[in-house]
Structures are given as structure tokens and as C-alpha cells.
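Could you put the whole structure together from the sequences, leaning on the hints where they help?
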Amino acid sequence: MKLKKNLALSDSGFVFDPSTGDSFSTNPIGLEIIRMLKEGKNANDIKSQIVKTYMTDDASFEKDFYDFVNMLTKHNLVEGEKEKN
Amino acid sequence: MKKKKINVAVTGLNAIDSPGPGVPVIRALRDSKLFDVRIIGLSYESLEPGIYMHDIVDKTYQIPLPTAGKATLLERLKYINSIEKIDIIIPNFDAELFNFIKLADTLKKELKIKTFLPTLEQFEERHKSNLPEFGKKHKIKVPYSKLIFNVKDIPSLRSEFTYPVVVKGKFYDASIAYSPEQVATYFNKISAKWGLPVIIQQFVHGQEVNVTAIGDGKGNTIGAVPMRKQYITDKGKAWSGISIDDKKLMSMTQKLIKSTKWRGGMELEIIKDSEGDYYLLEINPRFPAWVYLAVGCGQNHPEALVQMALGENVKPFKKYDIGKLFVRYSWDMIVELEEFEKISTLGEL
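Chains as they are written, first to last, in numbering that gives the first Met the number 0: chain A, 0 to 84; chain B, 0 to 348.
Among these hints, one or two may not hold up.
[To be verified] Calculated cross-link-like contacts (lysine-lysine; reagent style DSBU-like; alpha-carbon spacing at most 35 Å):
{"id": "1", "chain 1": "B", "residue 1": "K228", "chain 2": "A", "residue 2": "K3"}
{"id": "2", "chain 1": "B", "residue 1": "K246", "chain 2": "A", "residue 2": "K37"}
{"id": "3", "chain 1": "B", "residue 1": "K138", "chain 2": "A", "residue 2": "K4"}
{"id": "4", "chain 1": "B", "residue 1": "K77", "chain 2": "B", "residue 2": "K228"}
{"id": "5", "chain 1": "A", "residue 1": "K73", "chain 2": "B", "residue 2": "K138"}
{"id": "6", "chain 1": "A", "residue 1": "K1", "chain 2": "B", "residue 2": "K271"}
[As the list claims (entries may be wrong)] Between beta-carbon pairs, the in silico distance windows are:
{"id": "7", "chain 1": "B", "residue 1": "G322", "chain 2": "A", "residue 2": "D56", "range": "46 to 52 Å"}
{"id": "8", "chain 1": "A", "residue 1": "E38", "chain 2": "B", "residue 2": "F97", "range": "55 to 61 Å"}
{"id": "9", "chain 1": "A", "residue 1": "V50", "chain 2": "B", "residue 2": "W330", "range": "51 to 57 Å"}
{"id": "10", "chain 1": "A", "residue 1": "E61", "chain 2": "B", "residue 2": "P315", "range": "46 to 52 Å"}
These are computed hints drawn from the structure, not numbers from a lab.
Since the model is a prediction, treat every value here as computed from it, not as a measurement.
Cβ atoms here follow ideal geometry from the backbone N, Cα and C, with glycine treated the same way.
And the structure:
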């Protein structure tokens with residue numbers, strides 16, 4: 000899964016899609032995940048990073064992560080094919 | 000650099016809920032780094048707000064309604080020019096453009112007033128009523144549409160359209176109708192205001208995006224800024240919008256300006272459907288009321304138009320700021336009765 004290349008992110012969690020003019024706001028964890036996706040990290044890389052940093056387990060992370068990714072897809076922030084894991 | 004002093008006459012001072020482009024065009028010219036402008040407002044009605052904005056418009060004159068014809072307009076412009084020595088006129092209404100285009104040569108030869116307008120052929124070809132042929136000729140997708148002249152034509156629309164449809168006036172106004180009964184209501188309302196025919200257009204679901212652009216008349220796009228409406232009034236006008244980065248839309252604009260050799264300002268109204276296809280809804284043959292967003296994004300289109308009207312070569316703008324918004328607002332001015340009296344009785348203020 001790839002996020003749109005030109006997505007603009009601010010430190011406050013404001014996400015702007017310049018191709019549509021849509022804007023969104025996300026919480027600090029969401030912002031961290033979007034940044035990692037933009038860097039090209041896959042779901043496993045992101046899981047290890049989040050589980051290492053925060054008090055969560057693999058199963059909880061995966062559930063929330065895929066919910067989040069579905070939301071990004073629904074809001075048309077994703078380009079290309081879904082990530083294969 | 001010393002700014003060149005020029006007198007520019009501008010119409011469209013109706014900065015109302017469905018605003019004319021006059022005030023934003025003037026603001027753009029006042030922001031110019033090249034020109035020091037004296038603005039002569041040309042108004043049709045005594046309550047056009049621009050008349051009373053004395054920091055925007057230096058002097059206003061009433062002009063006859065387009066229906067009075069070009070001879071009457073010319074006489075009035077001769078009188079105004081005898082006082083104001085106008086260098087350039089920028090008309091901003093679709094309905095008045097026909098007269099101004101017809102008068103362009105006379106204005107230049109007899110009164111030394113310059114314009115930078117589309118040709119009559121360009122103006123006629125992009126009419127809402129001619130849009131399907133226009134789309135075919137320039138290879139641009141256009142929603143299916145049909146002209147109707149009578150309420151009796153409405154029941155048979157079912158065989159050609161699926162509801163909802165858009166009911167449009169030949170100059171302004173558009174309403175979405177979900178049934179033949181609604182089409183009849185809008186037909187009566189729109190035809191009473193703008194005359195016949197009324198255009199029935201297939202409704203396309205999608206996101207509306209608009210482009211303000213300017214062509215040099217030789218096929219070159221001098222500037223173009225695309226915008227997505229963020230907040231829309233009940234009249235369908237953008238009360239807020241944001242500049243976007245849409246390469247396909249920009250390429251469509253450049254292609255259209257190249258193939259039409261568009262001369263002057265224009266606005267493209269486009270729908271992007273869920274498949275990512277673009278449908279051209281309308282071409283407005285003048286700057287839109289949101290043209291000041293282009294200035295905010297680094298492209299002063301009205302200034303470029305003045306340069307071209309003066310015969311100067313203008314290099315195309317290469318970039319614009321993405322993610323800039325305009326947010327419109329309303330403002331109550333307090334106007335002395337004497338001013339209203341003056342414009343109403345003498346036709347000047």
C-alpha cells in the first residue's frame with residue numbers, strides 16, 4: 000500500500016491532499032503511522048516500531064492499523080495496490 | 000520601478016451573494032506592480048456595492064443594460080471617455096460581452112480604448128447551448144444536453160435522460176431537478192429571467208473543480224489556477240475555495256486554450272467523476288468572481304490581461320501556490336442618501 004506522494008503533513012496532524020483539496024486531522028499516533036507509510040515502511044516495520052514504543056500488543060495494533068488503513072483508502076489518500084504481507 | 004498610470008473601466012461591481020467579478024478584478028489591478036490604476040466603475044444598478052467602495056472604485060458611471068444595444072452603449076461610453084480618458088475596458092458579465100466584442104474595433108479606432116476579449120466566434124462557440132458540439136470539436140467530454148423551448152418538451156425528456164437533470168439558463172442559473180414537475184418549475188423561473196432556450200443537462204455525480212485562466216489568443220496559456228469549492232452557497236457559488244494540484248486538469252485547460260486559441264480571461268467549470276474522468280460543464284468567457292485567489296497564488300491574471308491589451312508581450316506563469324484558500328465575507332457599508340441619490344438620478348458617483 001502506498002500513500003499519495005504529494006500528501007502534505009504538518010506537525011499538528013493536519014493532512015492536506017493537494018490533488019483534491021481535501022484536508023483531515025489525525026492524532027499523534029495516526030500522524031506517526033502516516034509518516035512511516037510515506038517513508039515506504041510496510042505493515043510489519045510499522046508494527047515493530049509501534050509495539051516497541053507504546054504499550055500495545057501485536058493483535059491490538061493490527062486491528063487498529065487495518066481500520067486506519069481502510070480509512071485512508073476510503074478518503075482516497077492511497078494510490079497503487081494494497082500492501083501484500 | 001515606476002508604475003505606468005492607466006485608466007481602467009471595469010463592470011461587474013455587484014459584489015453580492017452571487018458576485019460579479021468586477022471588485023476582485025479591481026483588487027488584482029490595485030495589487031499590480033506594473034500599473035498605477037485609476038478605476039472607472041461601470042454599473043447597471045444603483046445598489047451594486049462596488050459603486051460605494053471608494054477605496055476600490057474611483058468614479059462610477061451607470062451604463063445602459065445590454066438589451067439597449069451596442070449603439071446606446073457606445074454613446075454612453077463616448078460621454079464617459081470624454082471625461083475619463085479610458086485606456087482599457089474590462090467587461091465582466093457574460094450578458095454584456097456580445098456588445099463589447101462587437102464594439103471592440105470601434106472603441107479602439109474612435110476612442111483609443113483597448114480591450115482584450117475573446118473573438119465573436121470563440122464567444123458563440125462555447126455558449127452553453129453549443130457545448131455538445133464544442134466538446135466534439137475539441138475532444139473534451141461534455142455531459143449530454145438538450146435545448147428546450149416549451150414546457151411541452153418536458154415529458155419527452157424521460158426517453159433521453161435519467162433523473163436528476165440540471166436545468167440551466169442561457170446566461171446564468173442552474174438547478175437540479177429530480178422529476179418532470181421540478182423541471183417545469185425551474186423552466187418557468189429561468190426562462191422568465193434569462194429567456195429561451197433553457198438547457199437540460201445530464202447530471203454528473205462527482206467533485207466540482209474550476210479553473211481560472213487566461214489565453215493570449217495565439218494558443219498559449221498565460222496563466223491557470225485550479226480551485227475546488229470548499230463552501231457552496233444555495234446559489235451554487237463558491238463562498239470558499241482552495242487551490243489544488245491537478246495535472247490532468249491543467250493539461251485539459253492548456254489543450255482547450257491551444258485548440259480554441261482563447262483570447263482573454265476565462266473560467267472552466269468541470270466535474271471530476273468517481274472514475275477520474277473530467278466533464279466540462281461550462282466555459283465562462285471572462286474571469287470568475289474568485290479570480291483574486293489566482294493573485295494570492297502568485298498569478299495576477301487581470302494584470303496580464305491589461306499588459307496584453309496594451310500590446311505587451313507576457314510570459315506565461317510557470318507556477319502557482321497550492322493549498323491557498325479564499326474565504327469570502329459580507330460587509331455592511333453605511334452609505335449616505337446623497338450618494339444613492341446621485342448615482343440614481345445623475346448616473347454618476
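Problem set entry | Hint numbers not upheld by this structure, sorted from lowest to highest | Numbers 4 and 7 - these are the hints that the structure violates, sorted from lowest upward.
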